[in-house]
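Order-wise, the sequence lines are chains R and W. First residue of the first sequence? That's 1 in my numbering, and the numbers climb one at a time after it. First residue of the second sequence? That's 1001 in my numbering, and the numbers climb one at a time after it.
Hints were generated in silico from the structure; no laboratory data involved. Note that the Cβ used here is the ideal one computed from N, Cα and C, for glycine as well. Each hint should be verified, as a subset may be incorrect.
Unchecked claim - Here are some, though not all, of the chain R residues that point toward chain W, as calculated from beta-carbon distances under 10 Å:
1. 32
2. 109
3. 115
4. 121
5. 122
6. 164
7. 241
8. 258
9. 260
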Amino acid sequence: MKMPLSAMIGLAVSGAIFLAAILAPLIAPYGMAEIVGDVWEPASSAHWLGTDNIGRDLLTRLIYGGRTTIFIAMLATALSFSLGSFLGVTAAVIGGWVDQVMSRLVDLMMAIPSLIFALVVLSVMPVTLPVLIIVMGLLDSTRVFRLARAVAVDINVMDFVEAARLRGEGRIWIIFREILPNALSPLVAELGLRFIFAVLFLSTLSFLGLGVQPPASDWGGMVKENKDGIVFGINAALYPAAAISILAISVNLVADWVLNRTSDLKGGRGG
Amino acid sequence: MPMVLKLVAQRIALGLLLLLAVSVLIFAGTQILPGDVAQSILGQSATPTALANLRRDLGLDDPAYIRYFRWLWGVMHGDLGTALSNGQDIATQIGERLGNTLFLAFWAAVVAVPLAITLGLVSVRYRNRWPDRLISTVSLASISLPEFFIGYVLIYYFSARHQWFPSLATVYDGMPLLERLRAIALPVAVLTLVVLAHMMRMTRAAIMNVMQSAYIETAELKGLSAFKVIIRHAFPNAISPIVNVVMINLAYLVVGVVVVEVIFVYPGMGQYLVDHVAKRDVPVVQATGLIFAAVYIALNLIADVVAILSNPRLRHPK
């Protein structure tokens, strides 16, 4: 199947961002915490994007910041995804009151806006990387749970699952060998969207000062550091904010294409 | 009792139950850590006697469920407790801020809802032609933009480059309405852009669904103009899903204000919540969290009730 232009652009841009994040120490022109100039210097040949609020090279910070953002967002997505899909499929396979309890609990968690819930929990927890990843992962796993459960309920009544049951396979086998492989394609399409959500969520938390703590910094934190310059016409805060947007849009373009493809496979229900 | 009333009453009762459960969850969310509030007020170097005294004063010696019921009892009587950071009554502090936040959200809704529905109608009228494509591309992009990106771009161009609007949304008591509106122009614009895309896409999808019906074909074959077909024949049948999506987006709006208020330093609930999370002022966080959740649940509840009222099929669940 031919890849549309938009998906190709998305793949290229997000690939470039990921590559920059992985190779950060090799391609960054200066050290991450190195003060190399005056406060908020304009762009020059030495500092392509200028310097930040305490005179660090903005491009360097941007490359390292992307590393932090992508690393945390990926771990949070991995957690929400594995937890959500495992519990979702389990709920669908076991059914009965276990399903009821789990589903109602997820409904309850989704009745509180994620950001508000995260703020409530972070008000008593120390804001460290593991805590951030776990809070983000848990809150987001509710959405994966709903999708996985909906998909698994459909598959659970199919003949090959029935056959496996009659053969006497255990629940673990049915979950991991019968249902999960067949539920994978709609779930993978969702993966991209969950990753974007994690990036935006983390950036928002950091922007509010409750995410990644200084001296480490992600893109949201960089916006916070440089936001005071905006009113003086210094656009340093716009670069990290734009980086978040570009990453989100390009991953979105790829996810959109994958989503269309997988729904085509099911007989073009996507429409 | 008529069927409709019964269903609506059921739905409202369910909403109240949900709110109760949410209050448990919010309270539990602040009790996860082994350390306690007294420790975080006095710091690591506090003497055990001072800690014990403060614990007794705050009632921390009681088990969690007794503290929960005491808190719930207070909340139901309008007593939200006192803030740890400055010892002031939370309810009075919240009162004014809640007004400010609702003011901001109200004007954002006034701008966003008609605009989203109009754009949705336009993009159905010109479906698969360039206006539709343009609208859907722009909206796909704007879904991916964080609030602070839109916010700071607007501040950069409209307050720093050209001094058209203030960069800080300062409002005070007795401020004339027009001045107040000018102060919140940029925050309203950000909130509008944030919810517009989703609302518009859903409106479009809802109407497109109806457009495949046979009676639409009849209306077209009668020779009605394309806009008239959409407005007179398709739109009324799509109202229920549209109201639903509008309400869900308004609920989102109330949450979106948290970030927008921080960007524009607007004296509302969101700013209040974020400030006190940083100060680890647990009673304030619980109270504001509960209010945000209550507004969110209420708007979702209204969406359900409207859906029941506008769609006769939902009145007879199987």
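Against the structure, the hints:
{"no.": "1", "hint": "32", "in the structure": "violated (22 Å)"}
{"no.": "2", "hint": "109", "in the structure": "holds (7 Å)"}
{"no.": "3", "hint": "115", "in the structure": "holds (6 Å)"}
{"no.": "4", "hint": "121", "in the structure": "holds (5 Å)"}
{"no.": "5", "hint": "122", "in the structure": "holds (6 Å)"}
{"no.": "6", "hint": "164", "in the structure": "violated (32 Å)"}
{"no.": "7", "hint": "241", "in the structure": "holds (4 Å)"}
{"no.": "8", "hint": "258", "in the structure": "violated (15 Å)"}
{"no.": "9", "hint": "260", "in the structure": "violated (13 Å)"}
Comparing the model with each numbered hint stated earlier shows that hints 1, 6, 8 and 9 do not hold.
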